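K.L.:
First to last, the protein sequences are chains A and B. Position 110 of the first sequence, counted from 1, bears residue number 110 in the working numbering, the numbering being contiguous throughout. Position 45 of the second sequence, counted from 1, bears residue number 45 in the working numbering, the numbering being contiguous throughout.
Rather than coming from a laboratory, the hints here were simulated on the basis of the structure. On a predicted model such as this, the values are computed, not experimentally measured, just so you know. Some hints here could point you the wrong way.
Calculated cross-link-like contacts (lysine to aspartate or glutamate; reagent style DMTMM-like; alpha-carbon spacing at most 25 angstroms) [as the list claims (entries may be wrong)]:
#: 1; chain 1: A; residue 1: K83; chain 2: B; residue 2: E64
#: 2; chain 1: A; residue 1: K78; chain 2: A; residue 2: E56
#: 3; chain 1: B; residue 1: K58; chain 2: A; residue 2: E3
#: 4; chain 1: A; residue 1: K57; chain 2: A; residue 2: D71
#: 5; chain 1: A; residue 1: K83; chain 2: B; residue 2: E66
#: 6; chain 1: A; residue 1: K83; chain 2: A; residue 2: D71
#: 7; chain 1: A; residue 1: K57; chain 2: A; residue 2: E44
#: 8; chain 1: A; residue 1: K42; chain 2: A; residue 2: D62
#: 9; chain 1: B; residue 1: K49; chain 2: A; residue 2: E3
#: 10; chain 1: A; residue 1: K57; chain 2: A; residue 2: D86
#: 11; chain 1: A; residue 1: K42; chain 2: A; residue 2: D71
#: 12; chain 1: A; residue 1: K83; chain 2: B; residue 2: E20
#: 13; chain 1: B; residue 1: K49; chain 2: A; residue 2: E68
#: 14; chain 1: A; residue 1: K83; chain 2: B; residue 2: D85
#: 15; chain 1: A; residue 1: K42; chain 2: B; residue 2: E16
#: 16; chain 1: B; residue 1: K49; chain 2: A; residue 2: D71
#: 17; chain 1: A; residue 1: K42; chain 2: A; residue 2: E56
#: 18; chain 1: B; residue 1: K49; chain 2: A; residue 2: D86
#: 19; chain 1: A; residue 1: K57; chain 2: A; residue 2: E1
#: 20; chain 1: B; residue 1: K58; chain 2: A; residue 2: D62
#: 21; chain 1: A; residue 1: K42; chain 2: B; residue 2: E20
#: 22; chain 1: A; residue 1: K83; chain 2: A; residue 2: E56
So, partial list: chain A residues that the calculated Cβ filter (under 8 angstroms) puts toward chain B [what the hints assert, rightly or not]:
#: 23; residue: V12
#: 24; residue: F65
#: 25; residue: G106
To list a few chain B residues with every Cβ distance to chain A over 10 angstroms, as calculated [claimed, not checked]:
#: 26; residue: E20
#: 27; residue: N41
#: 28; residue: G43
#: 29; residue: L46
#: 30; residue: S105
All residues carry an ideal CB built from backbone N, CA and C; glycine is no exception.
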Amino acid sequence: EPEVTQTPSHQVTQMGQEVILRCVPISNHLYFYWYRQILGQKVEFLVSFYNNEISEKSEIFDDQFSVERPDGSNFTLKIRSTKLEDSAMYFCASSPRTSNQPQHFGDGTRLSIL
Amino acid sequence: AQSVTQLDSQVPVFEEAPVELRCNYSSSVSVYLFWYVQYPNQGLQLLLKYLSGSTLVKGINGFEAEFNKSQTSFHLRKPSVHISDTAEYFCATSSGSARQLTFGSGTQLTVLP
Numbered sequence: 001e002p003e004v005t006q007t008p009s010h011q012v013t014q015m016g017q018e019v020i021l022r023c024v025p026i027s028n029h030l031y032f033y034w035y036r037q038i039l040g041q042k043v044e045f046l047v048s049f050y051n052n053e054i055s056e057k058s059e060i061f062d063d064q065f066s067v068e069r070p071d072g073s074n075f076t077l078k079i080r081s082t083k084l085e086d087s088a089m090y091f092c093a094s095s096p097r098t099s100n101q102p103q104h105f106g107d108g109t110r111l112s113i114l
Numbered sequence: 001a002q003s004v005t006q007l008d009s010q011v012p013v014f015e016e017a018p019v020e021l022r023c024n025y026s027s028s029v030s031v032y033l034f035w036y037v038q039y040p041n042q043g044l045q046l047l048l049k050y051l052s053g054s055t056l057v058k059g060i061n062g063f064e065a066e067f068n069k070s071q072t073s074f075h076l077r078k079p080s081v082h083i084s085d086t087a088e089y090f091c092a093t094s095s096g097s098a099r100q101l102t103f104g105s106g107t108q109l110t111v112l113p
């Protein structure tokens with residue numbers, strides 16, 4: 001069964017540094033998402049992406065965040081200047097063409113900011 | 001804004017016993033409901049979904065859930081649990097044109113031998 005894959009599984013970064021989290025969505029999916037889960041808290045929506053542009057974003061997704069689909073397979077989340085509070089598990093998800101189809105999640109990247 | 005409440009943060013249960021994990025959502029004109037499971041060090045795996053139609057939804061691994069519009073609930077049930085069902089379970093919703101998922105805080109199900 002096709003899977004969403006995320007790399008790396010664990011990223012350790014110094015505060016203030018830029019970090020890029022990578023995702024390969026399922027190949028025939030058209031909608032892409034990033035979520036994050038701070039330890040002990042809910043899974044929170046960050047951003048959705050369709051047709052090479054952001055379709056929705058949450059209040060969390062401020063100017064330090066950006067997303068990109070640099071080629072036909074990768075979907076990246078960039079955090080420009082990381083803060084301690086960015087430490088979390090980041091999940092990528094994708095869903096197919098039709099609306100309200102379930103989102104398929106990757107295994108996540110654990111981001112630790114020192 | 002949508003919201004989801006999972007009333008129990010932890011549910012311990014003995015093997016082969018039945019279990020119910022509770023989920024309530026804020027009401028909306030149209031709502032889509034999902035249960036996801038997260039095993040340790042893994043991502044979120046879809047258990048089942050309610051989009052429309054029959055209010056009783058069957059999912060993978062013997063789980064089922066019932067959509068109750070009057071009580072705005074979508075409780076997850078399994079008649080007989082196994083040790084391997086030990087995991088965190090998340091209820092989630094999306095509505096209307098908003099494709100983003102809103103998650104509950106999760107319920108840790110621990111199945112005891």
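K.L.:
Now look at each hint and say whether the structure bears it out.
P.N.:
We went through each hint and held it up to the structure:
1. A:K83 <-> B:E64: Since the Cα atoms of A:K83 and B:E64 sit roughly 41 angstroms apart, the hinted pair is violated (cutoff 25 angstroms).
2. A:K78 <-> A:E56: Holds, because 17 angstroms separates the two Cα atoms, which is no more than 25 angstroms.
3. B:K58 <-> A:E3: holds (22 angstroms)
4. A:K57 <-> A:D71: Answer holds: A:K57 to A:D71 is near 22 angstroms, not above 25 angstroms.
5. A:K83 <-> B:E66: Distance of about 42 angstroms is beyond 25 angstroms: violated.
6. A:K83 <-> A:D71: The given pair, whose Cα atoms are some 28 angstroms apart, is violated under the 25 angstroms limit.
7. A:K57 <-> A:E44: holds (11 angstroms)
8. A:K42 <-> A:D62: Holds: A:K42 and A:D62 sit about 19 angstroms apart, inside 25 angstroms.
9. B:K49 <-> A:E3: It holds: about 19 angstroms lies between the C-alpha atoms, which stays within 25 angstroms.
10. A:K57 <-> A:D86: holds (17 angstroms)
11. A:K42 <-> A:D71: Since the Cα atoms of A:K42 and A:D71 sit roughly 31 angstroms apart, the hinted pair is violated (cutoff 25 angstroms).
12. A:K83 <-> B:E20: Not OK: A:K83 and B:E20 at ~39 angstroms, beyond 25 angstroms, violated.
13. B:K49 <-> A:E68: This hinted pair is violated, its Cα atoms lying about 29 angstroms apart.
14. A:K83 <-> B:D85: Violated. A:K83 to B:D85 sits at ~36 angstroms, over the 25 angstroms cutoff.
15. A:K42 <-> B:E16: violated (29 angstroms)
16. B:K49 <-> A:D71: The given pair, whose Cα atoms are some 31 angstroms apart, is violated under the 25 angstroms limit.
17. A:K42 <-> A:E56: holds (19 angstroms)
18. B:K49 <-> A:D86: violated (31 angstroms)
19. A:K57 <-> A:E1: violated (29 angstroms)
20. B:K58 <-> A:D62: violated (39 angstroms)
21. A:K42 <-> B:E20: Since the Cα atoms of A:K42 and B:E20 sit roughly 20 angstroms apart, the hinted pair holds (cutoff 25 angstroms).
22. A:K83 <-> A:E56: holds (23 angstroms)
23. V12: violated (17 angstroms)
24. F65: Nearest chain B Cβ about 15 angstroms off; hint violated.
25. G106: holds (5 angstroms)
26. E20: Holds: least Cβ distance 21 angstroms, greater than 10 angstroms.
27. N41: Its Cβ does come within 10 angstroms of chain A, the nearest being 8 angstroms, so this is violated.
28. G43: Nearest chain A Cβ is 4 angstroms from B:G43, so the label is violated.
29. L46: Not fine: 5 angstroms to the nearest Cβ puts B:L46 too close to chain A.
30. S105: Given a closest Cβ separation of 5 angstroms, the condition is violated.
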